[in-house]
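Residue numbers (our numbering), protein chains in the order written: chain H, 357 to 655; chain U, 27 to 344.
Don't read these hints as lab results, they were simulated from the structure.
Since the structure is predicted, the reported quantities are computational estimates derived from the model, not experimental observations.
Don't be surprised by glycine CBs; every beta carbon is placed ideally from N, CA and C.
Hints are not guaranteed to be accurate.
[Stated by the list, open to error] Where chain H lies over chain U, by a calculated footprint (3+ residues, C-beta under 8 Å):
#1 50-59
#2 62-71
#3 75-85
#4 93-106
#5 242-252
#6 297-311
[Stated by the list, open to error] A partial selection of chain H residues facing chain U, derived with a Cβ cut-off under 8 Å:
#7 L425
#8 L427
#9 V467
#10 G599
#11 C601
#12 K639
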Amino acid sequence: MTGRNGHAGHVTEPAPKPAHPPVQREVEVVGRRPVNAYVELSLAAPEIAERAEPGQFLAFAIGGETSALLLRRSIAIAGAGDGVVSVVVAPHGPGSTWLAGLRVGERVDVVGPLGRPFPAAPAGARALLVGGGYGAAALVGLAARLRSQGHEVAAVAGAASADRLCSVAELSALAAPVEVTTDDGSAGRTGRVTVAVDELLTGVGVVYACGPMAMLRAVADAATALGIPSYVAVEESMACGIGVCMTCVLPVVGEDGRTRFSRSCVEGPVFGGDRVRFDDVGKLPHDVVGADAMGVVAP
Amino acid sequence: MTVVETGVDMRTALGAVEIPGPVLTASGCSAFGQELEPFVDLTALGAVVTKSVQLRPRSGRPTPRMAETPSGMLNSIGLQGPGIDGLLAEDLPWLAERGARAFVSIAGTRVEDFAELAERLRGVPGVLGLEVNISCPNVESRGEVFACDPVAASDVLSAVRAAADPAQPVYAKLSPDVTDIVSVARAVRDAGADGLSMINTLLGLVIDPDTMRPVLGGVTGGLSGPAIRPVALRCVWQVHAAMPEVPILGMGGIRNGLDALQFVLAGASAVSVGTAVFNDPSAPVRIHDELAAVLAARGFASLSDAVGHAHRPAGVER
Ligand SMILES: Cc1cc2nc3c(=O)[nH]c(=O)nc-3n(C[C@H](O)[C@H](O)[C@H](O)COP(=O)(O)O)c2cc1C
Ligand code: FES
Numbered sequence: 357m358t359g360r361n362g363h364a365g366h367v368t369e370p371a372p373k374p375a376h377p378p379v380q381r382e383v384e385v386v387g388r389r390p391v392n393a394y395v396e397l398s399l400a401a402p403e404i405a406e407r408a409e410p411g412q413f414l415a416f417a418i419g420g421e422t423s424a425l426l427l428r429r430s431i432a433i434a435g436a437g438d439g440v441v442s443v444v445v446a447p448h449g450p451g452s453t454w455l456a457g458l459r460v461g462e463r464v465d466v467v468g469p470l471g472r473p474f475p476a477a478p479a480g481a482r483a484l485l486v487g488g489g490y491g492a493a494a495l496v497g498l499a500a501r502l503r504s505q506g507h508e509v510a511a512v513a514g515a516a517s518a519d520r521l522c523s524v525a526e527l528s529a530l531a532a533p534v535e536v537t538t539d540d541g542s543a544g545r546t547g548r549v550t551v552a553v554d555e556l557l558t559g560v561g562v563v564y565a566c567g568p569m570a571m572l573r574a575v576a577d578a579a580t581a582l583g584i585p586s587y588v589a590v591e592e593s594m595a596c597g598i599g600v601c602m603t604c605v606l607p608v609v610g611e612d613g614r615t616r617f618s619r620s621c622v623e624g625p626v627f628g629g630d631r632v633r634f635d636d637v638g639k640l641p642h643d644v645v646g647a648d649a650m651g652v653v654a655p
Numbered sequence: 027m028t029v030v031e032t033g034v035d036m037r038t039a040l041g042a043v044e045i046p047g048p049v050l051t052a053s054g055c056s057a058f059g060q061e062l063e064p065f066v067d068l069t070a071l072g073a074v075v076t077k078s079v080q081l082r083p084r085s086g087r088p089t090p091r092m093a094e095t096p097s098g099m100l101n102s103i104g105l106q107g108p109g110i111d112g113l114l115a116e117d118l119p120w121l122a123e124r125g126a127r128a129f130v131s132i133a134g135t136r137v138e139d140f141a142e143l144a145e146r147l148r149g150v151p152g153v154l155g156l157e158v159n160i161s162c163p164n165v166e167s168r169g170e171v172f173a174c175d176p177v178a179a180s181d182v183l184s185a186v187r188a189a190a191d192p193a194q195p196v197y198a199k200l201s202p203d204v205t206d207i208v209s210v211a212r213a214v215r216d217a218g219a220d221g222l223s224m225i226n227t228l229l230g231l232v233i234d235p236d237t238m239r240p241v242l243g244g245v246t247g248g249l250s251g252p253a254i255r256p257v258a259l260r261c262v263w264q265v266h267a268a269m270p271e272v273p274i275l276g277m278g279g280i281r282n283g284l285d286a287l288q289f290v291l292a293g294a295s296a297v298s299v300g301t302a303v304f305n306d307p308s309a310p311v312r313i314h315d316e317l318a319a320v321l322a323a324r325g326f327a328s329l330s331d332a333v334g335h336a337h338r339p340a341g342v343e344r
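Chain U with its partners taken away, still in its complex shape (with noise of 0.2 Å):
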């Protein structure tokens, strides 16, 4: 990896945390990091942000499990994995070995299961923290997504925060197919999240002309990519707006340098790359490189200025 000298301190945090740089992968868009390693220096990322992890191994749902949209992509895949001790086993200790930060994503149908997985991963070496994916359906409340119900969100929220290693910040993943983001920011916040993690994808459908029939197996599926990006930057926009304190890992459609600045200004103090990686294996690196050079070109002596600057008020240059 060539870290392009700008001057700009890079540095920023996960929760209370310190991170090398502000650029992580996105869960479920890089695996459990090995196959990024011929492109990408994984210890010079900001974290691995890891595939959504259950306490059972999960096969995932039938092909086809994508569909090509303008600017983005519908998946399906169904959270296919090894479960949690496939996970302690192989893929966390591979990352430690590298020296690489792991964000561990966990998910689960039932408040009890995130709270057994934030238990399995306390203290375990290379975790840096969890991000809660709460886009699940909850089992209990007729497989309604948990992201969707402020209620639900903070039960997990608040199970996770409690039995989660003190050490490791835990960190809410939203979903953006809520009616106000704000309030389910603001509950999970309450419940003691240390952060946001958004957005999750939004929820599409593609029909095949031929077939006359929803392309994906599961008939819907999450849209990501740069078609999604003004969705994602409007959540953390709103969302900074109303919480300036809490820190957000911004995400959606991220693709160079520029779209992470945008996140930077509206509040993130750190951001995902997702399917980007998908069209370009190296991207996460070319994008640290590209925005500490906006960054610079703009100015700002370290990122942490330029979070939020979007929001400084009218006839305020700096």
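If we strip away everything but chain H, and leave its shape as in the complex, we get (with noise of 0.2 Å):
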């Protein structure tokens, strides 16, 4: 899947395409619990369970028809299995407050799973997983597959303070080390993530990561460095999260070494951790596909 021959020097392939096609429909809320800062929901929605992959998200509708917001709020699968497909909501502006605030035996319209999974890790690799924050849900699903498919697994978990870490239990149940950081020093080794990442890398074939775009970054660039492929999930704010909005784009290298806008909920939320150009996120680079149309040229 991944090889250190990838064009123009890039040591990760484009995530594959997920193997199904989303569906939409309006599933019950069966769990709801308070996990420090956050809420993990566990909806009944056994076609998106059958169908979900590691990396892979949902986009709910929020509100009910008469909403006044509109827009669908894009969150990370934590886990799938048995007919029920659970999320960690991190409350900040109203839709996801309103999505926190659901109730066991309440329903919601939620379309899953979008979005391309993990890649697979190369044959007999040890893997290791970045999360931060509320992102670390979304590595759960994947530490466990990597498991079962004989990998070892190394994790870390930050947060700016130990009330937003989250699944460092479930991370613990399935990875060795789990390390654990927090900016303030409220739980685990001050710090960033990189403090432990840093140390970890060594030996490690493939990394993975999902949280904030710094993060990401700071990750991604850790591991390329030493010529280590990484898979980063980006939380970039999606409209519709089905690919028809052109929103989510981030400029991303493909295959062919040229740079595009590419939409983070169909080409991603995966991306390699090398072809993301983080610098260049907000901005519109020349070389950018279809900049020189918008009258930006080379300098």
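Combine both chains into one complex, guided by the hints.
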């Protein structure tokens, strides 16, 4: 799956398309559990649960048919099995707060599973998983899959503070070692995830990360510097989640070595860490395909 | 897709071309149709209105490209797309293979660009007609938007009508950001437009209270969704009142069958569903079924009987 012979010195290949198309269903909330600063919701959604692969996400409609919040909220799948799929919601804006307030027995319109899953690890490789905040939840299913395929798995879970950590117990059951870092030192080691990542990278064959953009960038850079392939699941803001609105784009280098504005929802959310041009997020570099037509020319 | 049997004849037309149902996608809100396939039977839609295409591939603008607003959103995509070559090589054949009708939205920054695009689309299988997105800056007029100037707008439409396949109806897509939409409508009709699509987004702005700067990379953006529905409906009403014979493809905030009904009653003979697709990817089919049901409930035997019905004189019930 991954190779050292990627185009233009890239050590990753673009994540493969998902095996199954998404479905849209109105599903029942069958479990709700506060997890530190977050809320874990479990949904009875057999068709989604059986199709879901680690790294994929769900897109939720907010507030019913007359809601004034029209845009879907995309949230990584934290677990799938036995007809149930779960997500970890971080309440911050009105949409995520509404979702986090759903009660057992209530129903919600959901589309999924969406996006490209994490690709398989190279044969025999040791894997390092790095989760930032609630992003760690998206790595639990991946850790389980890697273990069942015989890979050794280590993990780092980091957050701003202890109450923003997530899924540490679940990861600890599947990975060793599991390092915890917090910016304020309220749990684990003080500092960013990179304090632990830098130590654990030795001997690792592939890195997977999910979390805020600055963290993904630091992890991808550290892996790439050592020639280790990394796959990052981005959290771009998405209006539709299914690929029709073009709001969620990032500058990503394709297999042909050319940079395109790629949709995080359908070409991602999992991208090769060395293919995302983190420096250029929010910019329009002249070498992005089609920048010339926007009047941007090479300096 | 479950077409509910209401007995209402839902057939309508775009220009002279008949289509089986009045609900279409809206340009830029369903890409080129592919991604909707898991949710919607594309062949059952009136047509797939494709994302506005230009001559060359375009990257679109840098992010952030959207902001959620009350009952709507602001977008500043910048017409990201494959260019006409990519559209002809991949997207249109994909739709044609499935038997889906494409209503192809074209855009440009000079009159000749529009004409060239129309020329390239002549006789292409599956292309039912053209929607001309004139809400683009005119490079020959210091970037003034074509749609805001009746003369520039009619220059584009007459060039497109002359270059386009005679079998393909040409619709002009109007901007609501004008003082008098009826005069623009009249100008493009006189220039040869077979119909009018209305409305495009309204120009808006959102400022982030934390950064204290505009949220969007492009500063301003296009406002869409239910928030603009009364504006859109007013535009359709005014134009239909002035030119009842001109077919109108109505859009702006349509989210359910009753919303679509309002557009039909105001004078639209077909509707496009845009932002609502982001909320509900199956919306175009759902809205078709809901519209059929609400027409049946009001005793209409056909969609065409309801077009413009809200304009009937006081005291006339049917
Ligand atoms: C994200 C987005 C992209 C759009 N892109 C285009 C476009 O490429 N060409 C065009 O003519 N209109 C474009 N529109 C405008 C829609 O086609 C439609 O006219 C408008 O959004 C009003 O309908 P709605 O409220 O149902 O979305 C776009 C709208 C949105 C929200
Ligand atoms: S969120 Fe709409 S295209 Fe990605």
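So, going through the hints one by one against the coordinates:
With 4 residues carrying a beta carbon less than 8 Å from a beta carbon of chain H, the segment 50-59 of chain U meets the three-residue requirement, and the given coverage holds. Counting residues of the segment 62-71 of chain U whose C-beta sits closer than 8 Å to any C-beta of chain H gives 4, which meets the bar of three, so the coverage hint holds. Counting residues of the segment 75-85 of chain U whose C-beta sits closer than 8 Å to any C-beta of chain H gives 6, which meets the bar of three, so the coverage hint holds. A count of 9 residues in the segment 93-106 of chain U with a Cβ less than 8 Å from any Cβ of chain H is obtained; the coverage claim is therefore met, three being the minimum.
Counting residues of the segment 242-252 of chain U whose CB lies closer than 8 Å to any CB of chain H gives 3, which reaches the minimum of 3, so the coverage claim holds. Counting residues of the segment 297-311 of chain U whose beta carbon lies closer than 8 Å to any beta carbon of chain H gives 8, which reaches the threshold of three, so the coverage claim holds. Checking H/L425 against chain U: minimum C-beta separation of about 7 Å stays under 8 Å; hint holds. Given hint, H/L427 at the interface with chain U, holds; its Cβ is 5 Å from that chain's nearest Cβ, closer than 8 Å.
At a threshold of 8 Å, the smallest CB-CB gap from H/V467 to chain U is about 6 Å, leaving the interface hint in force. The beta carbon of H/G599 is positioned within 8 Å of a beta carbon in chain U (closest approach about 4 Å), and the interface hint is therefore held. Taking 8 Å as the C-beta contact cut-off toward chain U, the hint placing H/C601 at the interface holds, the least distance being around 6 Å. Proximity of H/K639 to chain U holds as hinted, the smallest CB-CB distance being about 5 Å (cut-off 8 Å).
Violated hints for the displayed structure: none, as all numbered hints are satisfied.
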